[in-house]
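Sequence lines, in order, name chains A and B.
Heads up: the first sequence is residues 1 to 310, going by my numbering.
Heads up: the second sequence is residues 1 to 310, going by my numbering.
Honestly, the hints are just simulated from the structure, not real lab data.
If you're wondering where the values come from, they're calculated on a predicted model, not measured in any experiment.
Wrong hints could be hidden among the right ones.
[To be verified] Under 8 Å between C-beta atoms, here's a sample of chain A residues computed to sit facing chain B: (1) Asn178; (2) Thr242; (3) Tyr247; (4) Phe282.
Glycine included, C-beta positions come from ideal geometry on N, C-alpha and C.
So the chains spell out like this:
2 protein chains.
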Amino acid sequence: MAKYCFGIDIGGTTVKCGLFGTDGTLMEKWEIPTRTEDGGSKVLPDIAATILAKMEEKGISKEDVAGAGVGAPGPVRENKMPYAVNLHWGETDIGQILGKLTGLPIRAGNDANVAALGEMWKGGAEGRRGAIVVTLGTGVGGGIIVDGKLVEGAHGAGGEIGHAHVADDIHDPCGCGNCGCLEQVASATGIVRLAREELASGCSDTKLSADDLSSKNVFDAYKEGDAAADRIVNRFAKYLGTTLATYACVVDPEVIVIGGGVSKAGQVLVDIVGKYFRDNAFPADKETPIVLAELGNDAGIYGAARLVLG
Amino acid sequence: MAKYCFGIDIGGTTVKCGLFGTDGTLMEKWEIPTRTEDGGSKVLPDIAATILAKMEEKGISKEDVAGAGVGAPGPVRENKMPYAVNLHWGETDIGQILGKLTGLPIRAGNDANVAALGEMWKGGAEGRRGAIVVTLGTGVGGGIIVDGKLVEGAHGAGGEIGHAHVADDIHDPCGCGNCGCLEQVASATGIVRLAREELASGCSDTKLSADDLSSKNVFDAYKEGDAAADRIVNRFAKYLGTTLATYACVVDPEVIVIGGGVSKAGQVLVDIVGKYFRDNAFPADKETPIVLAELGNDAGIYGAARLVLG
Numbered sequence: 001m002a003k004y005c006f007g008i009d010i011g012g013t014t015v016k017c018g019l020f021g022t023d024g025t026l027m028e029k030w031e032i033p034t035r036t037e038d039g040g041s042k043v044l045p046d047i048a049a050t051i052l053a054k055m056e057e058k059g060i061s062k063e064d065v066a067g068a069g070v071g072a073p074g075p076v077r078e079n080k081m082p083y084a085v086n087l088h089w090g091e092t093d094i095g096q097i098l099g100k101l102t103g104l105p106i107r108a109g110n111d112a113n114v115a116a117l118g119e120m121w122k123g124g125a126e127g128r129r130g131a132i133v134v135t136l137g138t139g140v141g142g143g144i145i146v147d148g149k150l151v152e153g154a155h156g157a158g159g160e161i162g163h164a165h166v167a168d169d170i171h172d173p174c175g176c177g178n179c180g181c182l183e184q185v186a187s188a189t190g191i192v193r194l195a196r197e198e199l200a201s202g203c204s205d206t207k208l209s210a211d212d213l214s215s216k217n218v219f220d221a222y223k224e225g226d227a228a229a230d231r232i233v234n235r236f237a238k239y240l241g242t243t244l245a246t247y248a249c250v251v252d253p254e255v256i257v258i259g260g261g262v263s264k265a266g267q268v269l270v271d272i273v274g275k276y277f278r279d280n281a282f283p284a285d286k287e288t289p290i291v292l293a294e295l296g297n298d299a300g301i302y303g304a305a306r307l308v309l310g
Numbered sequence: 001m002a003k004y005c006f007g008i009d010i011g012g013t014t015v016k017c018g019l020f021g022t023d024g025t026l027m028e029k030w031e032i033p034t035r036t037e038d039g040g041s042k043v044l045p046d047i048a049a050t051i052l053a054k055m056e057e058k059g060i061s062k063e064d065v066a067g068a069g070v071g072a073p074g075p076v077r078e079n080k081m082p083y084a085v086n087l088h089w090g091e092t093d094i095g096q097i098l099g100k101l102t103g104l105p106i107r108a109g110n111d112a113n114v115a116a117l118g119e120m121w122k123g124g125a126e127g128r129r130g131a132i133v134v135t136l137g138t139g140v141g142g143g144i145i146v147d148g149k150l151v152e153g154a155h156g157a158g159g160e161i162g163h164a165h166v167a168d169d170i171h172d173p174c175g176c177g178n179c180g181c182l183e184q185v186a187s188a189t190g191i192v193r194l195a196r197e198e199l200a201s202g203c204s205d206t207k208l209s210a211d212d213l214s215s216k217n218v219f220d221a222y223k224e225g226d227a228a229a230d231r232i233v234n235r236f237a238k239y240l241g242t243t244l245a246t247y248a249c250v251v252d253p254e255v256i257v258i259g260g261g262v263s264k265a266g267q268v269l270v271d272i273v274g275k276y277f278r279d280n281a282f283p284a285d286k287e288t289p290i291v292l293a294e295l296g297n298d299a300g301i302y303g304a305a306r307l308v309l310g
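All chains should be built: construct the whole structure from the sequences, respecting the hints.
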């Protein structure tokens with residue numbers, strides 16, 4: 001029985017790496033830079049080198065390693081990516097390339113999906129077989145877990161939670177090219193959009209200033225009872241809570257986990273999103289718990305490590 | 001190797017029964033009445049009796065039967081139902097009761113989910129591993145298939161496709177108790193609702209009459225170029241197509257199948273729903289095929305038979 005596995009989370013500037021026990025214990029974590037020059041051709045060799053160096057440093061043989069899991073920024077299907085814009089990659093067979101360089105079994109998945117798997121393994125959805133994990137950061141990402149496995153989808157686009165159409169009155173395009181996506185109203189930048197609209201409506205009952213808008217400032221004002229912040233947060237929560245209720249109609253999860261920078265607002269965010277979720281959820285789902293993510297930036301390495309454990 | 005399996009679809013008035021080859025060949029189908037008196041206590045014994053009688057008639061031994069699958073009207077979790085209103089059942093362990101009465105392996109699932117599985121096995125989604133199957137009848141039901149399996153959900157409420165919240169301006173409750181569900185605007189009765197609203201708005205450019213509204217009449221008029229029918233069908237299709245696009249963000253299916261009575265409108269329905277689907281779908285899903293269901297009322301027995309084949 002293998003005792004170790006590696007979890008690798010490839011970001012646009014750094015690659016996060018973790019050495020795990022197969023029981024899920026994080027034994028060591030470190031980072032290396034993501035060298036995107038030369039069409040990103042150095043990224044996977046750099047990862048292979050740091051894995052092999054760590055094994056040598058620790059005196060770990062290949063037989064003791066279950067494999068290395070990789071979270072990568074973009075669509076992944078059967079351990080391959082058709083492209084990865086942030087890494088300057090064209091079609092890249094992560095499984096084959098890293099497998100050849102390391103001699104280890106490799107599994108790869110979309111980074112947001114993989115982070116969701118991490119939360120299921122050792123975070124807010126620990127021990128659950130079905131979960132919706134939504135990450136509210138610059139964008140809105142996440143992952144859907146059914147029967148203990150990530151929903152990868154026919155095009156590697158399972159769990160593209162941020163791209164539900166929720167608003168007919170948004171006419172500038174989302175990153176995906178459509179208009180009116182959840183990401184445009186429920187990400188950190190989406191909350192700033194809603195705040196700008198609120199301030200532009202000429203409201204005077206607020207301490208928020210158009211010069212210093214952020215998701216954090218909006219939630220801070222909301223906690224202090226600011227009337228405009230209350231309207232902004234309610235709009236955000238209605239979009240997100242209603243969409244989560246729709247998603248729950250599809251997968252009927254055991255738990256919904258909310259993570260990402262916006263979730264640092266804490267329990268007040270869960271409470272207000274939960275209100276709109278319960279208003280619109282199918283009866284069987286109204287009591288589905290909504291919880292905060294627990295692993296923060298480590299969710300990706302945890303989930304990547306979990307990938308190789310099948 | 002077992003050569004046969006039974007597919008049983010329990011409806012409120014009749015139980016549809018099918019004897020299948022394990023390769024999916026429907027060898028014989030028949031119906032028995034659903035006797036809901038006495039708290040529905042006769043339903044499962046009647047089913048056991050008709051299965052055993054068919055085996056005797058055909059000279060089939062238990063060893064030759066892989067099992068009997070059952071589609072039942074209500075939530076099903078691990079072959080048990082907490083209740084089934086139409087059958088007058090309280091908590092009912094279908095697997096245990098039918099297993100004891102027949103001596104066969106039993107698997108049970110929600111009827112709409114099971115019909116979806118039938119379409120995946122031998123119908124519009126044949127050979128696909130991931131599908132959204134939506135049934136537009138009196139209500140809106142369906143099933144979600146991920147990795148070749150039905151999504152059952154934490155409360156047996158996976159694939160409750162009809163209960164996405166889509167309309168804030170509907171204030172009378174859906175059967176589920178919420179207001180503004182997809183079912184209230186995209187079922188046969190939902191289309192009549194939209195038609196009534198259109199006619200009540202005082203439009204004169206139509207041959208539709210408030211005295212004779214049906215989903216069929218609306219689609220017939222639509223095919224003839226009726227202006228009001230065009231507006232009604234477009235409203236319906238926008239609700240349905242947009243919701244299907246949202247569902248596709250979650251599961252990224254290989255195919256979307258539309259069945260049920262409303263789907264008898266045919267290719268024009270697929271075309272107009274597809275238009276709104278593509279307007280709102282995540283780019284990777286825009287070309288996902290939308291097709292008509294193929295098995296009609298037999299989808300339930302096909303899917304039930306498929307259930308026991310694992």
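Outcome of the hint check:
1. Asn178: holds (6 Å)
2. Thr242: holds (5 Å)
3. Tyr247: holds (5 Å)
4. Phe282: holds (4 Å)
Against the hints set out earlier in the document, no violation occurs for any number.
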